[in-house]
Amino acid sequence: MITLKINGKEHQVDVDPSMPLLWVIRDIIGYTGTKFGCGKGLCGACMVLMDGTAVNSCQMPVSAMQGREIITIEGETENLQALQKSWAELNVPQCGFCQSGQLITSTAMLNNNPNPSEEDINSNMSRNICRCGTYTRIKGAIKHCVEQNNKS
Amino acid sequence: MEPIKNISRRGFIKGIGLASGGLVLASTVYSFSKFEDEAEVISEFNPNLFVQLNSDGSLILVASRSEMGQGVRTSLTSVIADEMEADWDKVTVKQATGDKKYGNQNTDGSRSVRTLFQKMRQMGATVKSVLITSAAKSWNVPESECTAENHFIVHTSGKKIGFGELVDIAKTLEVPEKVKLKSPKDFKYIGKNLPSIDVESLSNGSAVFGLDKRIPNMKFAAIKRCPVAHGTVKSFDKTEALKVKGVVDVVEVPMLRKAFGPLGGVAVIATNTWAAFKGRDALKVEWDTGANDSYNSEAYMKSITANVHKPGHVEKSIGNIESAFQSSNKSVEATYRLPHLAHSPMEVPNAVASVNGNTCEVWAPIQSPQAARREVANFLNTEEANVTINVTFLGGGFGRKAKPDFIVEATAISKAINGPVQVVWSREDDIQHSYYHTVSSQYLKGALDSKGNVTGWLHRFALPTIGSTFTPGKNLPQAWEARSAKDVPYDVPNMQIETGKADAHVRIGWLRSVINIPHGFAINVFADELAHVAGKDPLDFRLNLIGRDRIQDTKDPYKYNTAKLKHVLKTTAKNAGYGKPLPEGHAIGLAVHYSFYSHLAAAVEVSITDGSLKVHKINMAIDCGTAINKDTITAQMEGSAIFGMSLAFYGKITAKDGAIEQSNFHDYRMTRMSQAPDIHVEVIDSNEPPTGVGEPGVPIIAPAIVNAIFKATGKRYRSLPLSDHGLV
Ligand code: FES
Ligand code: FES
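Protein sequence lines, in the order shown, are assigned to chains G and P. Letter by letter, the first sequence follows residues 1 to 152 in this note's numbering. Letter by letter, the second sequence follows residues 1 to 728 in this note's numbering.
Isolated chain G (complex conformation) (with noise of 0.2 Å):
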């Protein structure tokens, strides 16, 4: 059995210890939002928070994850909500299945710095594939984030 702490609550799981934190979540806990896009740790498609860094959950083992705080799209933590606002306002999502690891990733990053200059935004943005083409938008919206943040 492990332990996992994901979004605030703990789940047991009993399963092959080597199992990608990606799979544990969507087909054995059951949260969707956290997406399968290549499993090669190309595509941040299944980007999940891990003790407050961007983690692509694919290339996770399970068995590495007790003791850890997981946040999921579907999870609550300050940025994640200020940038589901933003992404709304200019309207970012194309198909939308890029997104949760999109948000993930800028999340982790507005964690770890409140005010990203252009290229730290594209280093860190770049981690995530979408293939609908929303990067001019994701970009702008976590710019206005950082600006609604900086103003209150």
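Treat the hints as calculated values from the structure; they're not laboratory data. Be aware that a few hints might be false.
[What the hints assert, rightly or not] Taking lysine to any residue and the SDA-like style, the derived pairs with C-alpha atoms no more than 25 Å apart in a straight line are:
1. G:Lys9 / P:Lys213
2. P:Lys656 / P:Leu476
3. P:Lys614 / G:Lys9
4. P:Lys101 / P:Leu476
5. P:Lys238 / P:Pro227
6. G:Lys40 / P:Lys213
7. G:Lys9 / P:Lys101
8. G:Lys40 / P:Lys243
[Claimed, not checked] Over 12 Å on every C-beta distance to chain G, these chain P residues come out as not near it, computed from the model:
9. Phe236
10. Lys258
11. Ala587
Using N, Cα and C, we set each Cβ at its ideal position, and we do this for glycine too.
We have chain G; now place chain P with the ligands onto it with these hints.
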């Protein structure tokens, strides 16, 4: 024009997933099939457009088209809401299942808005008119004293009543035959930038894509397919696969040699996706690779290029091309080579199927739910009525999800294991077993007179046809695949378009903007080459090549208009600062193309530093008739620009001994944010009927980049991707 009917009391409301009790109007929207696609005969009243107004004021529209990021669930609804003066916040959309009663549901060809716009307006205006009549009746006042305003009917005296409260009276009324449509200047939602009604669920993980569908007792399956298209299983050993924790079964999936048939292989069924993947890795399969194992991309490119370097099948000939070349002052020739592409939507192909005796229910991200229904019914040898296709959100489609082979796979496995199953493709599966965008070789030759005018234009191309997927053995392009070359809107007196032979060795499919990718590339780069030889500025030269104002001579109700084409080109050049001083080392390249009945141009600014390419700015202008939602159109152009950059930079699928060599995003790369340029889009104002948006932005990007590189460096790249040339 087909009538709009009040069907509030009809029995079949339940069948379309609407609750009874509301005011339900229905109508038929013909597809554009009289002019394109297969003929479609609808003899009786077969509505495919449904609007329901409930007594609590909520307004429901059944969406017959699939949502894959193009915003169709928002654009279509907003048109109805606008004409009926509804409150946008009261609108919800219900997704239709795959059923012929909805008319054509194929969500491709950039045509949803184009074909549905007018009827949506009438539907909205009809609901409004019925509500006005209802209010006038209940107040006992003349209708002329009542108007509709933001979900209320208002009387000149100032009293008002909510739409919902009028439902009971409205249900009993016949609908008027004629209604008055709003003047475009009074539009409230059309042309305004409504955000997607799905923006929240698409940003918080709650939207259900195919991959997210879960039903009780559902298993997960991964299929090992033959590396070579249409190869078959000789034998397999499942011992090791069955040892993987979570694996419950291994079954063979048949190969069906038809357009949407499964490729076949061996499926591993497990209690979770990971176990299914691991079990598949442990499978041992021997293949009979079949005839396609001789497919080698390099040799193949040579052979189709040889076919365009000799006379081909003449598709069109005007004037006399031979004498044009003989009397020319200068002639120019060039050969362009483009590789296969895979769609690779972020969400891989997948489907949930639950077969129960001779019935089957499916949940899948599918662009063509009716084709899926037909294929599943055929496979199970049952009636279509026994098959339900539920359409989920699509995590991108780009044409891949118009082919329901993955749904037939899920059906076959569910039948074999006698229980519900979700088939999941890995990214490797997606890249190695796609319906590939065609590989192409194109030869162009142009004649210039002493003034630098183009007097002759020969365009010869060879590419495996999409027709080969439907009729194996076809090796010449179909008529529609020649159209974007034949209808090139250039004013040249002598023109000849020819096609060369090309056999298909993989499944060929349509990918966002389809044949316009190779044609748009060759035509736009060649025009730039001609300008250079003629010693002219590319913009002036191109405007001259498009020539005098004229409208295409065609039976199709939509026609190209060279004035519009010149206008989008001039607009985008101006927005890009074309001709003005640019930063050191920067240059702008142009492209202009007419496709999906829309007129588009791009101006792309690049620089090359130490041999490495950077795209700084992309300017695009689009004339797509009436813009229902400029923000969505802009988003589609932004997406097309990135999609076009990906194919220009990295897009290349190759085969060795019939097997695809690329496998995931490390060797089939995509544009990322650090490369994303500033994108500026101008949507031209127009009151003409709306035309395509989702696809036509793609084909102008790669040629504009190549033309810009030439201007910056004097180097001409005639093949893609640019990564092959070490530029990215
Ligand atoms: S699915 Fe994990 S990085 Fe792509
Ligand atoms: S919105 Fe479709 S992949 Fe990003």
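How the hints compare with the structure:
no.	hint	in the structure
1	G:Lys9 / P:Lys213	holds, 23 Å
2	P:Lys656 / P:Leu476	holds, 23 Å
3	P:Lys614 / G:Lys9	violated, 46 Å
4	P:Lys101 / P:Leu476	violated, 35 Å
5	P:Lys238 / P:Pro227	holds, 18 Å
6	G:Lys40 / P:Lys213	holds, 23 Å
7	G:Lys9 / P:Lys101	violated, 46 Å
8	G:Lys40 / P:Lys243	holds, 24 Å
9	Phe236	holds, 23 Å
10	Lys258	holds, 28 Å
11	Ala587	holds, 22 Å
Hints 3, 4 and 7 from the earlier list are contradicted by this structure; the remaining hints agree with it.
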